[in-house]
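As given, the protein sequences belong to chains A and B, one line each in that order.
The C-terminal position of the first sequence is numbered 163 in this note's numbering, with every residue numbered one higher than the one before it.
The C-terminal position of the second sequence is numbered 197 in this note's numbering, with every residue numbered one higher than the one before it.
One should not assume that every hint holds.
[Said to hold, decoys possible] Restraint ranges, calculated between C-beta atoms of paired labels, are given here:
| id | chain 1 | residue 1 | chain 2 | residue 2 | range |
| --- | --- | --- | --- | --- | --- |
| 1 | B | E114 | A | A18 | 53 to 63 angstroms |
| 2 | B | P66 | A | D22 | 30 to 40 angstroms |
| 3 | A | P28 | B | Y168 | 32 to 42 angstroms |
| 4 | B | F92 | A | G54 | 49 to 59 angstroms |
| 5 | B | T110 | A | R144 | 43 to 53 angstroms |
| 6 | A | D57 | B | V78 | 45 to 55 angstroms |
| 7 | B | E114 | A | T162 | 32 to 42 angstroms |
| 8 | A | E137 | B | V78 | 20 to 30 angstroms |
| 9 | B | R151 | A | E159 | 29 to 39 angstroms |
| 10 | A | G78 | B | P66 | 18 to 28 angstroms |
| 11 | A | T162 | B | V78 | 57 to 67 angstroms |
| 12 | B | A195 | A | L134 | 21 to 31 angstroms |
[Claimed, not checked] Covered stretches of chain B (in silico footprint by chain A; criterion: 3 or more residues with CB under 8 angstroms from a CB of chain A, positions within the stretch not fixed):
| id | region |
| --- | --- |
| 13 | 99-111 |
| 14 | 118-127 |
| 15 | 140-146 |
What the hints contain is simulated information worked out from the structure, not anything from laboratory work.
Here a beta-carbon is modelled for each residue, glycine too, at the ideal position from N, C-alpha and C.
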Amino acid sequence: MTRLFFLALAPLLLGGPALAQDHPGELPVDPYEVSNANAGADPLAGAAVYDAFGGHDGIERVVARLIVNIQADTRIEGIFRASDWVRLRRTLVEQFCYLLGGPCDYTGRDMTSVHTDHGITTAEFNALVENLQLAMEAEGIPFRSQNRLLALLAPMHGEVVTR
Amino acid sequence: MRIQLALLTAIALSTAAFSADVEVIVHTPDGAPVANAVVSVPGDLSAVPAPAEMPSMEQRDQQFNPFVLVVREGAEVVFPNRDRVRHHVYSFARGNRFELELYGREEERTVRFEVAGGVPIGCNIHDDMLAFIRVVDTPHAVVTDATGTARLTGISDGAQTVTVWHPYARGRNNLVTAEMADGQDRLEVVIDITAPD
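Using the sequences and the accompanying hints, generate a full structural model.
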């Protein structure tokens with residue numbers, strides 16, 4: 001009886017919305033529904049740009065350098081001062097990997113939820129883009145591939161900037 | 001030993017003779033208790049030592065806490081940001097203007113308030129954040145609790161003028177005054193509140 005009950009329940013559980021999991025080394029977050037739609041753009045078709053970035057390892061290097069750049073940029077480091085860097089790094093890698101056509105799922109929150117309480121200005125948004133460009137340049141990402149990523153991120157301006 | 005006790009009793013009695021505790025209850029004309037009203041009577045700031053703990057206007061979950069804080073003229077107030085997002089706290093109050101950019105978990109920054117009066121404070125980033133600091137030139141000032149009650153201690157004997165301030169009180173400078181007779185230890189004050197939209 002019990003087993004039958006669980007068997008009947010299983011498809012419902014599997015079919016329901018996935019909720020965010022805890023990750024080791026990260027601070028707890030309020031529950032939210034996990035979906036690739038949270039990444040804020042449709043991914044590129046094919047893996048050519050993902051490959052041009054050097055795959056997952058290359059994306060990890062770009063994100064690591066981006067974080068170093070942010071932390072040194074007095075225009076925007078204050079916004080991030082109390083950030084969960086472990087989580088930020090993981091979700092940024094997931095987002096870039098997913099958007100560039102790589103074999104990743106994005107498990108972070110949607111762009112509006114993530115940014116709305118930070119009161120981000122257009123100048124601050126642009127400063128982050130600059131830091132990303134410098135990071136991609138330093139990692140030797142081909143210019144055309146850099147622009148493919150920037151073109152995916154630029155329309156998120158409306159969800160990120162609130163002031 | 002007995003003499004000591006007698007002496008202590010005498011001191012206690014004499015203190016009681018020169019000061020009193022007073023309970024003030026603030027309510028609306030409908031009888032609803034008014035919390036967050038500042039009840040005060042005049043007094044000499046130098047006669048009563050300032051509280052040992054620095055007054056605090058905390059930001060948590062994108063709200064200020066408390067909603068109304070009363071401090072003495074010249075007091076330094078700490079503005080701890082317990083949130084992970086930054087706040088941009090400001091006031092345009094005359095004599096007490098300030099602006100503080102508080103990054104996430106920045107908990108040490110302070111502001112000194114030099115001029116008696118009401119200081120509305122807001123956040124440039126989070127429009128819903130609102131609180132009030134009431135700066136007073138008396139040591140006898142207490143914020144009413146949820147029952148509309150404020151207990152003032154160590155008040156000098158004699159008739160007193162009680163001042164009640166509330167950010168939304170109708171009246172000049174959001175103030176209402178009431179007279180308290182000599183020896184009276186309980187007073188009800190009626191104020192009319194206009195809640196903002």
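For this session: Hint by hint, work out which the structure violates, then give me just those numbers in ascending order.
Result: Checked against the structure, the hints that fail are numbers 8, 9, 11, 12 and 15, while the rest are satisfied.
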